[in-house]
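Student: Sequence:
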Amino acid sequence: MSESIKDKEIKMTADELKEYIENMPEGTIVNIDFDRETEDNA
1 MSESIKDKEI KMTADELKEY IENMPEGTIV NIDFDRETED NA
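Every letter in the sequence shown is one number past the one before it in the numbering used here, and letter 34, counting from 1, is 34.
Take the hints with a grain of salt, since some may be wrong.
Said to hold, decoys possible - Taking lysine to aspartate or glutamate and the EDC-like style, the derived pairs with C-alpha atoms no more than 16 Å apart in a straight line are:
1) Lys18 <-> Asp33
2) Lys11 <-> Asp33
3) Lys11 <-> Glu26
These are calculated hints, taken from the structure and not from any lab test.
All chains should be modelled from the sequences, with the hints used to inform the complete structure.
Tutor: Here is the structure:
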């Protein structure tokens with residue numbers, strides 16, 4: 001029973017991302033597209 005998040009965008013902070021990855025089942029493959037939006041270059 002695996003939850004599919006394909007084609008779903010997830011916005012999270014780096015800390016949330018770290019926690020999310022640490023809590024994933026072992027062997028989970030993650031495709032991460034870093035959208036570098038900061039106030040500096042917006």
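Student: Work down the list of hints and note, for each, if the structure agrees.
Tutor: Verification of the hints:
1. Lys18 <-> Asp33: holds, 14 Å
2. Lys11 <-> Asp33: Roughly 11 Å between the alpha carbons, so the hint for Lys11 and Asp33 holds.
3. Lys11 <-> Glu26: Violated. Lys11 to Glu26 sits at ~22 Å, over the 16 Å cutoff.
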